[in-house]
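A.B. asks: Below are the chains, spelled out letter by letter.
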Amino acid sequence: MHRRGVGAGAIAKKKLAEAKYKERGTVLAEDQLAQMSKQLDMFKTNLEEFASKHKQEIRKNPEFRVQFQDMCATIGVDPLASGKGFWSEMLGVGDFYYELGVQIIEVCLALKHQNGGLITLEELHQQVLKGRGKFAQDVSQDDLLRAIKKLKVLGSGFGIIPVGGTYLVQSVPAELNMDHTVVLQLAEKKGYVTVSEIRSSLKWETERAKQVLEHLLKEGMAWLDTQAAGEPQYWLPALFTELYSQEITPEEAQEAIP
Amino acid sequence: MDRFAWTSGLLELGETLVVQQRGVRLCDGEEKVKFDSGVLLLSTHRLIWRDQKNHECCIAIPLSQIVFIEEQAAGIGKSAKIVAHLHPASSNKEPGPFQSSKYSYIKLSFKEHGQIEFFRRLSEEITQRRWENMPTGQTIQVNKDPQAGRIRAVGIVGIERKLEEKRKETDKNISEAFEDLSKLMEKAKEMVELSKSIANKIKEKQGDITEDETIRFKSYLLSMGIANPVTRETYGSGTHYHMQLAKQLAGILQTPLEERGGIMSLTEVYCLVNRARGLELLSPEDLVNACKMLESLKLPLRLRIFDSGVMVIELQSHNEEEMVASALETVSEKGSLTADEFAKLVGMSVLLAKERLLLAEKMGHLCRDDSVEGLRFYPNLFMTQS
Chain W
1 MHRRGVGAGA IAKKKLAEAK YKERGTVLAE DQLAQMSKQL DMFKTNLEEF
51 ASKHKQEIRK NPEFRVQFQD MCATIGVDPL ASGKGFWSEM LGVGDFYYEL
101 GVQIIEVCLA LKHQNGGLIT LEELHQQVLK GRGKFAQDVS QDDLLRAIKK
151 LKVLGSGFGI IPVGGTYLVQ SVPAELNMDH TVVLQLAEKK GYVTVSEIRS
201 SLKWETERAK QVLEHLLKEG MAWLDTQAAG EPQYWLPALF TELYSQEITP
251 EEAQEAIP
Chain L
1 MDRFAWTSGL LELGETLVVQ QRGVRLCDGE EKVKFDSGVL LLSTHRLIWR
51 DQKNHECCIA IPLSQIVFIE EQAAGIGKSA KIVAHLHPAS SNKEPGPFQS
101 SKYSYIKLSF KEHGQIEFFR RLSEEITQRR WENMPTGQTI QVNKDPQAGR
151 IRAVGIVGIE RKLEEKRKET DKNISEAFED LSKLMEKAKE MVELSKSIAN
201 KIKEKQGDIT EDETIRFKSY LLSMGIANPV TRETYGSGTH YHMQLAKQLA
251 GILQTPLEER GGIMSLTEVY CLVNRARGLE LLSPEDLVNA CKMLESLKLP
301 LRLRIFDSGV MVIELQSHNE EEMVASALET VSEKGSLTAD EFAKLVGMSV
351 LLAKERLLLA EKMGHLCRDD SVEGLRFYPN LFMTQS
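First to last, the sequence lines map onto chains W and L. full-length UniProt numbering puts the first residue of the first sequence at 1, with every later residue one more than the last. full-length UniProt numbering puts the first residue of the second sequence at 1, with every later residue one more than the last.
Careful: at least some of the hints might be erroneous.
Said to hold, decoys possible - Not the full set, but computed from the structure, chain W residues with beta-carbon under 10 angstroms of chain L:
#1 Leu-40
#2 Ala-81
#3 Ala-110
#4 Lys-112
Unchecked claim - Dumping the calculated DSS-like pairs for lysine-lysine here, alpha-carbon to alpha-carbon at most 27 angstroms:
#5 L:Lys-334 - W:Lys-14
#6 L:Lys-162 - W:Lys-53
#7 L:Lys-334 - W:Lys-112
#8 W:Lys-44 - W:Lys-15
#9 L:Lys-34 - L:Lys-78
To be verified - Listed next, with one range per pair, are the computed distances between beta-carbon atoms:
#10 W:Asp-138 - L:Lys-111: 55 to 63 angstroms
#11 W:Phe-240 - L:Glu-333: 35 to 43 angstroms
#12 W:Ile-160 - L:Leu-11: 31 to 39 angstroms
#13 W:Ile-11 - L:Thr-210: 22 to 30 angstroms
#14 L:Pro-256 - W:Asp-138: 49 to 57 angstroms
#15 L:Ser-336 - W:Gly-191: 51 to 59 angstroms
#16 L:Glu-280 - W:Lys-210: 12 to 20 angstroms
#17 L:Lys-53 - W:Ile-160: 36 to 44 angstroms
#18 L:Lys-162 - W:Glu-49: 35 to 43 angstroms
Since the hints were derived computationally from the structure, they do not count as laboratory data. All values derive from a computational prediction rather than experimental measurement. Each residue gets a CB set at the ideal place from its N, CA and C atoms; glycine is no exception.
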């Protein structure tokens, strides 16, 4: 009877077969890489064609940018991952968002001493538009959000916190957990919040409310008003934009102080 | 048949008609029921049947109820049919013609033909699951039946739909641009699929694929903006591009670093480099990936990540630990300092000043006083005075 698969001969044969499979496997990968390279070239051509017809549309139309970004996300492509990517090179989307990133960083840095590193998306938007000047292309809030998401990777604490119907943009590496976020959301309505409000709305103990407020104070994101009628109020300069909209000269400021 | 509910037959907001067919009979499993002659309508959300003789008799079933469908070819004296296998009725279903049924499938019998087209459209709607993207006023039962690997093209179709509505008001250019964009995306999708299959091959044969091929593959991914599925590489997403970039950075940043005491945060670097370039800017990811390679390329700069997550570039010659010693001196002179005060004194950014003080604390040289007035650092007398 013929015993199959045993003996030195069989082992050698098996090894040979395995080696052949591996070789074939490598060849397969090589084939696929070659195929991908070809397809990439084709895709690049298609993209160039698209760019020649519609590059302006992307530049001028924030709505179209949103559609474009959403479609990319749906198929698993990040057009902003690298300045070296096709999308960036040919459609110019990269430069648009990366430059916006620089402008966002600069605005946040300039205002940090006032708001502790927390700013509403609206205010950021206004400030960025101001900085860009009259003739620059239009920038939407969606554009800002996308640029900020990309900035996160730089490690300096950029983050987006949903509050009310809008967002707060964080630009410092401060720890803001769920408790802090929830209190920020509560403060959004009036620009300030009190311990009693936190207790009644969120049903927290006084201690927990105080801890959160103290943390925000420490980080410079909240200011304490002990002269308010009733109990102390914790104001968030980030939310109280009226503070900035008036350009007060030092003389006026002097007069304002009693 | 107990999954059906009475309905007015009017489409909800966000619901669109896909196809309709006259002369359709409904059967409860193998049994005939009184719904023998009606118009069958397929919308993005539901299957609706309306009696041809009595228009008020109208019933509907959410598409989410359908598990799968089969075709039954026509025979002699028999019409072509679609068999729809259904999920059990939900408890909060609206009232319908039947309270219970011993069958978990229904048959749609196409007496006036149209079965082929209807089957095709129904298959499409079930696959695309557009109802999930466009919730209507009705209570739609969403199936929690994840089908692994299913490509969700819903986003694109949903967007297409919205744009169709806006087309009347908007510039014609946009619709053309959008059509072209959709076609482009289809091709991009193919690239994503191909890259996934190659990535799987690489994963299977770790070590059997050459480093050169891996690098090639990564650069293809970079061009397309596809996330690298084969992570846990020795040098992250590094490609030749990033290596070159790292070398460039070493050149560009030497002087600025020296001017700033040998250390800069990555955000500062990002702004500096991109402002200088003006065009062909770097993405944040490009910068990070290039910086990750600085050390291995033996360049005179390095990337350092503090405990807080803050990332900086330092000159190799820069020794943060030595700077800590001088920080301690400064703090001692003043008694105590906050990060802001220290930053002003020394002429560095508050971010980096804080990191230096934190490092000094970590090394045991400074103590903190954490109060609502801010974080203040003192020399650590516990260590120096016994």
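A.B. asks: Could you run down the list of hints and mark each one as holding or not?
C.D. replies: Checked hints:
1. Because the smallest distance between the Cβ of W:Leu-40 and any Cβ of chain L comes to about 6 angstroms, under 10 angstroms, the interface hint for this residue holds.
2. A least Cβ separation of about 5 angstroms between W:Ala-81 and chain L falls short of the 10 angstroms threshold, and the interface hint therefore holds.
3. For W:Ala-110, the interface hint is violated, since its Cβ never comes within 10 angstroms of a Cβ in chain L; the closest pair sits about 12 angstroms apart.
4. Interface hint at W:Lys-112: satisfied, since its Cβ lies 8 angstroms from the closest Cβ of chain L, which is below the 10 angstroms cut-off.
5. A C-alpha spacing of about 78 angstroms is found between L:Lys-334 and W:Lys-14, which places the hinted pair above 27 angstroms, so the restraint is violated.
6. Distance check on the hinted pair: L:Lys-162 and W:Lys-53 sit about 22 angstroms apart at the alpha-carbon level, within 27 angstroms; holds.
7. Taken as a hint, the L:Lys-334 and W:Lys-112 pair is honoured in the structure, with Cα atoms around 25 angstroms apart against an allowance of 27 angstroms.
8. A distance of roughly 43 angstroms separates the Cα atoms of W:Lys-44 and W:Lys-15; the hinted pair therefore is violated under the 27 angstroms criterion.
9. In summary, the hint linking L:Lys-34 to L:Lys-78 is supported, as the alpha carbons are separated by about 18 angstroms, within the 27 angstroms threshold.
10. Take W:Asp-138 and L:Lys-111: their Cβ atoms lie about 58 angstroms apart, and the range 55 to 63 angstroms holds.
11. Roughly 38 angstroms separates the CB atoms of W:Phe-240 and L:Glu-333, a value that falls within the hinted 35 to 43 angstroms.
12. The beta-carbon spacing between W:Ile-160 and L:Leu-11, approximately 37 angstroms, falls within the hinted interval of 31 to 39 angstroms.
13. Range check, W:Ile-11 to L:Thr-210: about 28 angstroms between beta-carbon atoms, so the 22 to 30 angstroms window is met.
14. Separation of L:Pro-256 from W:Asp-138 is about 32 angstroms and departs from the stated range, judged on CB atoms against 49 to 57 angstroms.
15. In this structure the hint that L:Ser-336 and W:Gly-191 lie 51 to 59 angstroms apart at CB is violated, the actual value being about 33 angstroms.
16. Taken as a hint, the range 12 to 20 angstroms is violated for the pair L:Glu-280 and W:Lys-210, whose Cβ atoms sit roughly 51 angstroms apart.
17. Checked against the given bound of 36 to 44 angstroms, the beta carbons of L:Lys-53 and W:Ile-160, roughly 58 angstroms apart, lie outside it.
18. Checked against the hint of 35 to 43 angstroms, the C-beta distance between L:Lys-162 and W:Glu-49 comes to roughly 25 angstroms, which is inconsistent with it.
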